[in-house]
Structures are given as C-alpha cells and as structure tokens.
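We have chain A; now place chain B onto it with these hints.
Number of protein chains: 2
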Amino acid sequence: MVRRNLFLISSSKVHGYEYLQHTRDALTDFLKKNNVSKILFVPFALFNHDNYTKKVADAITTWGFEVEGIHKHENPVEAVRKAEAIYVGGGNTFMLLKTLYEKELVEAIRERVFSGGAVYVGSSAGTNVATINIKTTNDMPIIYPPTFDALRLVPFNINPHYLDPIPGNTHHGETRQQRIEEFHQLNNTPVVGLREGTALLVEDDRITLVGDFNARLFYKSKAPKEMPPNSDLSFLLKE
Amino acid sequence: MVRRNLFLISSSKVHGYEYLQHTRDALTDFLKKNNVSKILFVPFALFNHDNYTKKVADAITTWGFEVEGIHKHENPVEAVRKAEAIYVGGGNTFMLLKTLYEKELVEAIRERVFSGGAVYVGSSAGTNVATINIKTTNDMPIIYPPTFDALRLVPFNINPHYLDPIPGNTHHGETRQQRIEEFHQLNNTPVVGLREGTALLVEDDRITLVGDFNARLFYKSKAPKEMPPNSDLSFLLKE
Chain A
1 MVRRNLFLIS SSKVHGYEYL QHTRDALTDF LKKNNVSKIL FVPFALFNHD NYTKKVADAI
61 TTWGFEVEGI HKHENPVEAV RKAEAIYVGG GNTFMLLKTL YEKELVEAIR ERVFSGGAVY
121 VGSSAGTNVA TINIKTTNDM PIIYPPTFDA LRLVPFNINP HYLDPIPGNT HHGETRQQRI
181 EEFHQLNNTP VVGLREGTAL LVEDDRITLV GDFNARLFYK SKAPKEMPPN SDLSFLLKE
Chain B
240 MVRRNLFLIS SSKVHGYEYL QHTRDALTDF LKKNNVSKIL FVPFALFNHD NYTKKVADAI
300 TTWGFEVEGI HKHENPVEAV RKAEAIYVGG GNTFMLLKTL YEKELVEAIR ERVFSGGAVY
360 VGSSAGTNVA TINIKTTNDM PIIYPPTFDA LRLVPFNINP HYLDPIPGNT HHGETRQQRI
420 EEFHQLNNTP VVGLREGTAL LVEDDRITLV GDFNARLFYK SKAPKEMPPN SDLSFLLKE
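Listed in order, the protein sequences are those of chains A and B. In this text, residue positions in the first sequence follow the working numbering: the first is 1, and each later residue adds one. In this text, residue positions in the second sequence follow the working numbering: the first is 240, and each later residue adds one.
What the hints contain is simulated information worked out from the structure, not anything from laboratory work. Fair warning: there could be bad hints in the mix.
[Claimed, not checked] No more than 27 Å apart at the CA atoms, straight line, and that leaves these computed lysine-lysine pairs for DSS-like:
#, chain 1, residue 1, chain 2, residue 2
1, A, Lys-238, A, Lys-220
2, A, Lys-222, B, Lys-294
3, A, Lys-38, A, Lys-55
4, B, Lys-252, B, Lys-271
5, A, Lys-98, B, Lys-337
6, A, Lys-55, B, Lys-272
7, B, Lys-252, B, Lys-272
8, B, Lys-311, B, Lys-321
9, A, Lys-220, B, Lys-337
10, A, Lys-220, B, Lys-294
11, B, Lys-293, B, Lys-272
12, B, Lys-277, B, Lys-321
13, B, Lys-459, A, Lys-98
14, A, Lys-238, A, Lys-222
15, B, Lys-272, A, Lys-54
16, B, Lys-293, B, Lys-277
17, A, Lys-54, A, Lys-103
18, A, Lys-33, A, Lys-54
19, B, Lys-272, B, Lys-337
20, A, Lys-72, A, Lys-54
21, B, Lys-294, B, Lys-342
22, A, Lys-82, A, Lys-54
23, B, Lys-464, A, Lys-220
24, A, Lys-72, A, Lys-103
25, B, Lys-461, A, Lys-55
26, B, Lys-464, B, Lys-252
27, B, Lys-277, B, Lys-311
For reference, chain A alone in the conformation it holds in the complex (with noise of 0.2 Å):
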C-alpha cells in the first residue's frame, strides 16, 4: 500500500457556481476526514501570489479551514515539511512546475505526502503537476521547465478542464481527444480526461470519482471508456 491522501480537481471555476463552491462539501469532508486545520496554499501557477492566495482564502476560510501562503515564509520547504495540507492552486502548468523546481518543492512535496503527513489538494494545473508528468496540460508553454516530469502522486496523467467536441463547431485546431490521441503515439500512461465540475479522490490504493459528470478515460490504442460518477477508479494505480 502506497500512503496518500489526494483530492485532484479538473477546475476551481465552474459554470453555474461562485469559485470552488461546486466542490465545497466533498472537499470539506475530505479535509475534516483528515484532521486538517490549516491549509498551505500555494499561488505559483499565477503571477499575484498575495492576491491569489486570498482569493483562495475568501472561499475556503468561511468553510472553516485557515489558508495561508507558502510564498510569505522564508523557508518554503520547511513549510511543506510541516503542513497537513498542501494546496496547489491553477494557472499556468508550465510556470508552477518550473517554480516548484526553483524552490525545490518537487521532493519535499512528494516526501511529505507519501509519508502521510500532508493532505495535497490540487486544481487545474495543480492537478496536472501532482500526475506524473505535465505533457497533458491544456496549457501555453511560456515559460521553459527544466522536465516535464512533475510530482508523480499517482502514475497517470489527467488531463484537467476535459472538453468534449463542440456540435457545429468550424475551427479547425485539435480536439482535446485529438490531442490525447497524439499523447498516446509517444506514451504509454493513462490518462483521465476529467471534466470541469468532477475531482479525483485518492485514498491510498484507492480512487473514486467525485462529482456529477463522467470522466473519460483514454489508453493507448484503445477506444475511450466513460466512467460514471462515484466510480472506482483504483485500477488506474496498479498499472
């Protein structure tokens, strides 16, 4: 048994609701089920990190959690040593990993959740940085990282915001399942194509689906399988 606690959003924003509160209760369970208090977020994937983080903090403080930034302490990985929740905000995938990198994170990171001291709650490209690598951002690269291998929490890759193919629709650039198809010419990993609205819960060896939406789920050379809400996804962690 692999230890770890992971809830990996496809997105904060969703249509119809105020930021996060689409996933408002299962994140609350989540994060009560593991005594956490405080939650160190971090804003690396946006370029305001004061404004990010109480952005964040507007949300989730009236939950009942404290959220305070990893980048207002000196010692950033001591912060992670010591946090029971890591949150990793969205933004840009190619930005926050190359920061993750710069300030040393990636191994504290994946140290302290594997150890179970630290819950990671991931969003967007948060979400894509806790797989095991970023090559299924839907992201512009902006910014040069030195790899493109990231946390590996889980050994898939996600693909968040997944969007089907617009009925009607003329413009001529690549489906996201296009594009996942062309992932799938070079690799060999899983990947979960996770809409807006709908999370991953890792428990351990264990991964549900939370939300109202399928996931759709792609491997290589294979036909594409929509997963129903509340799926076991387990399998997904012994390949």
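Just chain B now, with coordinates in the frame of chain A:
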C-alpha cells in the same frame, strides 16, 4: 536588409475548403515568383511521414510543383542545403521542434533561408517553429524538446489557429487571448494571432497579411489591435 522569403500559414485546413485550397492562389504566386519547381516537405510534426507527404503532394502537385519528403533522404541536412523550397507541415509543435534539433536541421534551415537559397513555407506547427520560439503554440507538450527556441526566421511570435471567444461558452479553460496575456507576463515579443484562413507573406523586411480575415496583434501591456486583410505588418521586423 535581412534576406528571407517566408509564407507562414495559420492552418492547412479551413472550414469550407479542401485541404490547402484556401491558400492555393497566394501560395502558388509566392512559389512561382521565387522560381520554385520542387518542394522539400518536412513531415516531422506527424507520425506517418509517408502518408503525410502524400497528402500534401496530392494537393500541391496538381498546382504544378513537385513534392518530396525529407525523410526519404539519407542526409536531411544536405537535402536542406540543396532545397529551393522547404515546407514544414503542421501537427505537434513539440515533436516537430525536437526532431528538427535531433536531425540538426535548425541551423541548416536558418542558413539556407537567410542566404536566399530557399523559400520557407510553414503551416500551423510549421509556422510556430519559424518564429522566435514555440511558447505560443496551442499544442499539447507530448514530448520534451531541448529548448523552446525555434528557427527565429522572424523576431516575434505567432499564435496559429487564433480563436475568438465563443459567445455563450460555459467552459472555464482560458480563452486564447488570456493565454497570450499570460505569455506576455513573462515575455516581451509581439504575438500575431493568425486566424484560420490567413497567412503572413514575409519578403525580406516586408510583411503582408494574406487572406480574408483580420489578424489580432498582441503587445505586452497594451490592448490588442485588429489588423485588416492586406495590412502591412513590416513594423514587426523592426522591433
């Protein structure tokens, strides 16, 4: 004056047209004006090089030009050195750039184009790699290239397949404009948002917008500007 003759297409496929047909007249003029009879096609942005070369040849040979795939040459650098036209097709920008470096084609193409020996035609990913770097590609980073720096045939960035926000869209992934604004938080070069159905014709120090749609021009910390068909964009080469 810098010598160069480039035809940089947003996309080979455009709604309502057969493959490459939207640009048939302008591209034929460009090639004839430069006395091209044979085109060296670079299919490295897709996986099946033979099929891809055949698809392009099927379209272009009927216009009166010969097409050969660079992958058929034992020495691709030598093929570039002898080429009169180099056409780099679209697909995945990351895979394309990585392959160009692996086969030592980046410097070879630069030298050939800047010496006036060959004209350069790019489409989509082939247009991305013609610019200063690939940081404004739309593609998924399915493979890690040695750098994001590209052919630098022009000193600015292009976003091919440029897409306006879709009215009534409920998806919360970033719009194309938001992504380019993120790029400008970390980078200073102008970005030409090149809509499907348009191209840039670059003749030495002169640039003309080709096609029936506006281009959208993005500068760091400025409001974007719409440039109508046939605009003179030569000022982009002076900054």
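Given hint Lys-54 (chain A) paired with Lys-272 (chain B) - CA-CA distance at most 27 Å
Violated, at roughly 59 Å.
Would you check the hint for Lys-272 (chain B) and Lys-337 (chain B), treating anything up to 27 Å between C-alpha atoms as holding?
Given that 27 Å is the threshold and the Cα spacing comes to 32 Å, the pair is violated.
Hint check: Lys-277 (chain B) vs Lys-321 (chain B), CA-CA at most 27 Å. Holds or violated?
With Cα atoms ~11 Å apart, Lys-277 (chain B) and Lys-321 (chain B) stay inside 27 Å; holds.
Given the hint that Lys-55 (chain A) pairs with Lys-272 (chain B), test it: the Cα-Cα distance must not exceed 27 Å.
violated (57 Å)
Do the alpha carbons of Lys-311 (chain B) and Lys-321 (chain B) lie within 27 Å of each other, as the hint requires?
holds (14 Å)
Sort out whether Lys-277 (chain B) lies within 27 Å of Lys-293 (chain B), counting only the CA atoms.
holds (14 Å)
Can you confirm whether the C-alpha distance between Lys-82 (chain A) and Lys-54 (chain A) stays at or below 27 Å?
Judged against 27 Å, a Cα distance of about 21 Å means the pair holds.
Need the status of pair Lys-54 (chain A), Lys-103 (chain A): alpha-carbon distance at most 27 Å?
The given pair, whose Cα atoms are some 22 Å apart, holds under the 27 Å limit.
Taking 27 Å as the top limit, are the C-alpha atoms of Lys-222 (chain A) and Lys-294 (chain B) close enough?
holds (26 Å)
Would you check the hint for Lys-252 (chain B) and Lys-272 (chain B), treating anything up to 27 Å between C-alpha atoms as holding?
holds (24 Å)
27 Å limit on alpha-carbon distance, applied to hinted pair Lys-238 (chain A) and Lys-222 (chain A):
Within the cut-off at roughly 18 Å; holds.
Under the criterion that the straight-line Cα-Cα distance not exceed 27 Å, is the pair Lys-72 (chain A), Lys-103 (chain A) satisfied?
holds (13 Å)
Going down the numbered hints, you'll see the structure goes against 6, 15, 19, 23, while the others check out.
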